[in-house]
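Engineer: Under my numbering, the first residue of the sequence shown is numbered 796, with each subsequent residue one higher.
Some clues are possibly wrong.
[As the list claims (entries may be wrong)] Under the rule of at most 20 Å between Cα atoms (straight-line distance), these lysine to aspartate or glutamate pairs were calculated in the EDC-like manner:
{"#": "1", "residue 1": "K801", "residue 2": "E848"}
{"#": "2", "residue 1": "K808", "residue 2": "D843"}
{"#": "3", "residue 1": "K801", "residue 2": "D821"}
{"#": "4", "residue 1": "K801", "residue 2": "D843"}
{"#": "5", "residue 1": "K801", "residue 2": "D812"}
{"#": "6", "residue 1": "K808", "residue 2": "D821"}
[What the hints assert, rightly or not] Ranges of calculated distance between the beta carbons of each label pair, as one might list FRET restraints:
{"#": "7", "residue 1": "A839", "residue 2": "G811", "range": "42 to 50 Å"}
{"#": "8", "residue 1": "F804", "residue 2": "A827", "range": "25 to 33 Å"}
{"#": "9", "residue 1": "A847", "residue 2": "S820", "range": "36 to 44 Å"}
{"#": "10", "residue 1": "G842", "residue 2": "D810", "range": "32 to 40 Å"}
{"#": "11", "residue 1": "G844", "residue 2": "D812", "range": "16 to 24 Å"}
{"#": "12", "residue 1": "E848", "residue 2": "T807", "range": "16 to 24 Å"}
{"#": "13", "residue 1": "G844", "residue 2": "P814", "range": "19 to 27 Å"}
To be clear, the hints were calculated from the coordinates, so they are not data collected in a lab. In this text, all values refer to a predicted model and were calculated from it rather than measured experimentally. Just so you know, even glycine gets a beta-carbon here, dropped at the ideal spot from N, CA and C.
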Amino acid sequence: MSVRVKHAFVSTKADGDDPSVVRPSDWNADHALLLAGPALVGRASDGDGAAAELHVASGLALDATAGLSAHSTRGRVLAATRNLQGF
796 MSVRVKHAFV
806 STKADGDDPS
816 VVRPSDWNAD
826 HALLLAGPAL
836 VGRASDGDGA
846 AAELHVASGL
856 ALDATAGLSA
866 HSTRGRVLAA
876 TRNLQGF
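Sequences are here, hints too, so could you generate the full structure?
Structural biologist: Encoded structure:
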């Protein structure tokens with residue numbers, strides 16, 4: 796699974812010559828998304844909204860015997876880390 800994080804607004808202006816200011820190409824670039832694990836990314840409540848890092852202890856379970864699976868007792872699970880060592 797891949798995740799892209801971008802601004803809702805995309806600038807169509809050309810880059811200027813001053814490298815000391817944020818250029819449109821900097822603004823439009825993909826952002827890095829860093830997560831600490833083991834954890835799941837999803838929502839603890841129903842409805843649309845911002846993703847949150849849901850730790851395994853918060854009503855979630857990882858099943859390492861099935862390769863990689865996850866379920867939630869509340870809300871929707873969007874992604875799971877693949878690092879299952881220690882489970």
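Engineer: Now tell me, hint by hint, if it's right for this structure.
Structural biologist: Status of the hints after comparison with the structure:
1. A distance of roughly 19 Å separates the Cα atoms of K801 and E848; the hinted pair therefore holds under the 20 Å criterion.
2. Between the alpha carbons of K808 and D843 the distance comes to roughly 32 Å, so the proposed pair goes past 20 Å and is violated.
3. Taking the CA atoms of K801 and D821, the gap is near 11 Å; set against the 20 Å cutoff, the hint holds.
4. Taking the CA atoms of K801 and D843, the gap is about 18 Å. The hint holds against a cut of 20 Å.
5. Annotation: proposed proximity of K801 to D812 is violated, straight-line Cα distance about 23 Å (limit 20 Å).
6. Distance restraint check for K808 and D821: the Cα-Cα separation of roughly 12 Å lies within the 20 Å cut-off, and the hinted pair is therefore satisfied.
7. As the Cβ distance of A839 to G811 is approximately 43 Å, the hint placing it in 42 to 50 Å holds.
8. The hint said 25 to 33 Å for the Cβ distance between F804 and A827, and at roughly 19 Å that hint is violated.
9. For the hinted restraint 36 to 44 Å between A847 and S820, the CB-CB distance of approximately 30 Å leaves it violated.
10. Taking the beta carbon of each, G842 and D810 are about 39 Å apart, inside 32 to 40 Å as hinted.
11. Between G844 and D812 the CB atoms are about 41 Å apart, so this pair departs from the stated range of 16 to 24 Å.
12. As the Cβ distance of E848 to T807 is approximately 33 Å, the hint placing it in 16 to 24 Å is violated.
13. With their beta carbons about 37 Å apart, G844 and P814 fall outside the hinted range of 19 to 27 Å.
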